[in-house]
Amino acid sequence: MTLNKIIKHFGLQTQSISDVADSHSSTVYKVLLTNGETVYIKIPFNILKFHREIKAYSILEGRIAVPRLLDVWEGDDETTGALLLSELEGQPLMPTISTSLAYETGVYHASMHAIQPPAGLDLANIDNEFPNWSAFLDRMFYGFAEDTKKVIDPALYEKSIDKYVEMKRNLPAPDGPSFIHMDFRPANILVKNNQITGVIDFESVRFGATEMDFSKIHRDFLSLDPSLYQAYQDGYRSIRPLVDLDRVLIFYRFTDAFNSIGWCQRRGIDQNRDFYERNLEILKEELKVYK
4 MTLNKIIKHF GLQTQSISDV ADSHSSTVYK VLLTNGETVY IKIPFNILKF
54 HREIKAYSIL EGRIAVPRLL DVWEGDDETT GALLLSELEG QPLMPTISTS
104 LAYETGVYHA SMHAIQPPAG LDLANIDNEF PNWSAFLDRM FYGFAEDTKK
154 VIDPALYEKS IDKYVEMKRN LPAPDGPSFI HMDFRPANIL VKNNQITGVI
204 DFESVRFGAT EMDFSKIHRD FLSLDPSLYQ AYQDGYRSIR PLVDLDRVLI
254 FYRFTDAFNS IGWCQRRGID QNRDFYERNL EILKEELKVY K
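With positions in the sequence shown counted from 1, the corresponding number in this note's numbering is that position plus 3.
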């Protein structure tokens with residue numbers, strides 16, 4: 004009923020509607036209209052993510068390639084609201100690609116990181132975490148720790164807490180403030196004819212330190228081939244300086260895995276079993292704890 008209500012509000016004449024795979028948080032539908040056009044309906048997980056994504060499009064439009072925000076429904080007592088988005092043509096980034104596309108991925112990522120908090124703009128729901136970056140890291144880690152503790156071995160949990168304190172102490176000064184995606188991974192990067200057509204999913208964005216934004220793209224893409232990793236770095240450096248990834252990635256890979264386990268517990272282990280198991284293995288690997 005909710006989807007029908009949204010379609011009616013947007014005045015859409017539809018041919019077909021299908022779920023979008025690999026959307027871990029929000030609910031997303033691909034809608035083929037009777038005129039042959041394809042659009043997307045996104046129902047964010049909560050009201051904060053709803054308003055955050057709307058603000059993100061206003062900041063990014065005309066600066067980097069993103070979908071166009073066509074319309075907004077503010078929701079009702081049953082639904083937080085919905086976004087109507089244009090289609091970005093292309094398929095998710097695949098690891099079996101050319102180094103030229105890896106280079107372009109680095110260029111795109113750096114171009115996004117080059118965006119700083121706009122002077123005089125009410126950021127409303129896109130927090131600038133950079134001035135208190137250390138406290139933000141603690142808030143994220145210890146916030147998820149309460150959930151992670153419930154679903155991992157106690158010894159692994161205690162080692163994680165100790166390792167967090169140790170590794171955080173040795174981090175370099177943060178790089179920013181920059182616009183960071185927080186979920187920059189292949190599923191959110193669209194490619195057509197060996198070119199990036201744009202990036203999607205801005206419900207978790209922040210202004211913060213760039214080093215938090217590399218863990219997912221490294222995990223799912225760059226770590227698979229040294230030539231792609233090098234090309235990506237070359238592309239990134241063509242736009243702006245790149246942090247010492249060898250120094251910071253171990254910390255952010257570890258915290259991303261730890262926090263992701265807590266996220267799975269919050270959202271339901273059974274519904275997110277594969278994601279949970281994958282991150283548990285990463286956590287063990289980062290801590291050098293093997294089965």
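Simulated from the structure, these hints should not be mistaken for laboratory data.
Heads up, some of the hints might be wrong.
Under the rule of at most 30 Å between Cα atoms (straight-line distance), these lysine-lysine pairs were calculated in the DSSO-like manner [as the list claims (entries may be wrong)]: (1) Lys162 - Lys152; (2) Lys33 - Lys11; (3) Lys162 - Lys11; (4) Lys153 - Lys195; (5) Lys8 - Lys162; (6) Lys195 - Lys171.
Distance ranges between label pairs, derived from CB positions [stated by the list, open to error]: (7) Val168 - Gln198: 23 to 31 Å; (8) Tyr145 - Thr99: 37 to 45 Å; (9) Asp74 - Asn197: 41 to 49 Å; (10) Gly93 - Ile242: 32 to 40 Å; (11) Lys11 - Asn135: 25 to 33 Å; (12) Ser226 - Pro121: 31 to 39 Å; (13) His12 - Lys171: 40 to 48 Å; (14) Asp80 - Lys33: 44 to 52 Å; (15) Ile118 - Glu81: 33 to 41 Å; (16) Arg250 - Asp223: 32 to 40 Å; (17) Glu90 - Asp228: 38 to 46 Å.
We put the CB at the ideal spot given by N, CA and C, even for glycine.
Here is how each hint holds up against the structure:
no.	hint	verdict
1	Lys162 - Lys152	holds, 11 Å
2	Lys33 - Lys11	holds, 16 Å
3	Lys162 - Lys11	violated, 52 Å
4	Lys153 - Lys195	violated, 42 Å
5	Lys8 - Lys162	violated, 49 Å
6	Lys195 - Lys171	violated, 39 Å
7	Val168 - Gln198: 23 to 31 Å	violated, 43 Å
8	Tyr145 - Thr99: 37 to 45 Å	holds, 39 Å
9	Asp74 - Asn197: 41 to 49 Å	violated, 32 Å
10	Gly93 - Ile242: 32 to 40 Å	violated, 21 Å
11	Lys11 - Asn135: 25 to 33 Å	violated, 44 Å
12	Ser226 - Pro121: 31 to 39 Å	holds, 34 Å
13	His12 - Lys171: 40 to 48 Å	holds, 46 Å
14	Asp80 - Lys33: 44 to 52 Å	violated, 27 Å
15	Ile118 - Glu81: 33 to 41 Å	holds, 35 Å
16	Arg250 - Asp223: 32 to 40 Å	violated, 21 Å
17	Glu90 - Asp228: 38 to 46 Å	violated, 29 Å
In summary, the structure is inconsistent with hints 3, 4, 5, 6, 7, 9, 10, 11, 14, 16 and 17 from the numbered list given earlier, while agreeing with the others.
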